[in-house]
Amino acid sequence: MLEKFKPTWMVNSIYHVRPAELKEAGIRAVFSDLDNTLIAWNNPNGTKELKDWMTSLKEVGIPLIVISNNSHRRVERAVSPLNLPFVSRALKPLSFGITRARTRLGLEASEVVMVGDQLLTDIAAANVAGVRSILVRPLLDSDQWNTKLNRLMEKGVKKGLLKKYPEQTWQEGLNDGIK
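Counted from 1, the sequence shown has number 99 at position 99 by UniProt numbering; the numbering is strictly sequential.
Simulated from the structure, these hints should not be mistaken for lab results. Model, not experiment: these values are computed from the prediction. Each residue gets a CB set at the ideal place from its N, CA and C atoms; glycine is no exception. Incorrect hints may appear among the rest.
When the alpha-carbon atoms are kept at most 25 Å apart in a straight line, the in silico SDA-like pairs for lysine to any residue are as follows [to be verified]:
(1) K51 with K4
(2) K4 with W170
(3) K6 with E24
(4) K6 with K23
(5) K164 with E154
(6) K155 with T8
(7) K159 with R137
(8) K6 with K163
Label pairs and their computed distance ranges (CB to CB) [said to hold, decoys possible]:
(9) K23 with K159: 33 to 41 Å
(10) L105 with R73: 18 to 26 Å
(11) E172 with V60: 18 to 26 Å
(12) N175 with E76: 31 to 39 Å
(13) W170 with N150: 17 to 25 Å
With the sequences and hints as input, model every part of the structure.
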C-alpha cells in the first residue's frame with residue numbers, strides 16, 4: 001500500500017532539479033504541481049529563481065507543464081505571467097491529468113516526471129500513471145485551507161515510508177541520492 005505514495009526522488013526544492021540530471025535520466029518533459037511546488041500559493045507571480053529554472057529547462061528543450069487540481073480559471077490566472085501550458089481539474093491522485101499531458105506531448109511514461117509537494121495527490125497520481133516522481137518540500141509552511149487536511153493525513157504515510165524505506169532521504173539534486 002505504501003508503494004503508491006513512494007516518490008522516485010526527494011529533492012529539497014524544484015529549483016534544485018538540474019536539467020542536465022533530467023536529461024541524463026531520460027526525462028523529456030517535467031510536469032509540476034502548482035501551489036507550493038512551482039509557486040507559493042499566495043504569490044502567483046513566481047520568483048526570479050523560478051524564472052531562471054524555467055529558462056534553464058527551456059535551454060535544454062525540456063517543456064514544463066503545470067498539472068493542477070485547481071479550476072481552469074485559477075490555474076490560467078496563476079500561470080499566464082509565466083506563459084506555461086497546463087492541465088486543470090487534473091483529478092489527482094487519479095492519473096487523468098498526467099496521462100492527458102503526456103499524450104498531448106506524444107511521450108512515453110518513462111520520459112516524463114511529475115514534481116509535487118504532496119504524497120497523497122501528486123506522488124500517488126504519478127505512480128498510478130506509471131511515471132517517475134519528485135517529491136519536493138513545500139515552498140511555504142502555510143497552506144490553503146483545503147490542503148491542510150491532506151497534510152494531516154500525509155504525516156502517517158510519511159512515517160510509514162520512512163520506516164519501510166530508510167535509505168530514501170532529502171537530496172539537493174537527482175544524482176545526490178537513490179535512483
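Hint check results:
1. K51 with K4: With a Cα-Cα distance of about 32 Å, the restraint between K51 and K4 is violated, given a limit of 25 Å.
2. K4 with W170: holds (19 Å)
3. K6 with E24: holds (22 Å)
4. K6 with K23: Given pair K6, K23 holds - Cα atoms ~22 Å apart, limit 25 Å.
5. K164 with E154: holds (15 Å)
6. K155 with T8: At roughly 18 Å apart (the allowed maximum being 25 Å), T8 and K155 satisfy the hint.
7. K159 with R137: This hinted pair holds, its Cα atoms lying about 15 Å apart.
8. K6 with K163: Cα-Cα ~12 Å, so holds.
9. K23 with K159: 33 to 41 Å: holds (34 Å)
10. L105 with R73: 18 to 26 Å: For R73 against L105, whose Cβ atoms are near 24 Å apart, the range 18 to 26 Å holds.
11. E172 with V60: 18 to 26 Å: holds (19 Å)
12. N175 with E76: 31 to 39 Å: holds (35 Å)
13. W170 with N150: 17 to 25 Å: holds (19 Å)
The structure fails hint 1 only (numbered hints given earlier).
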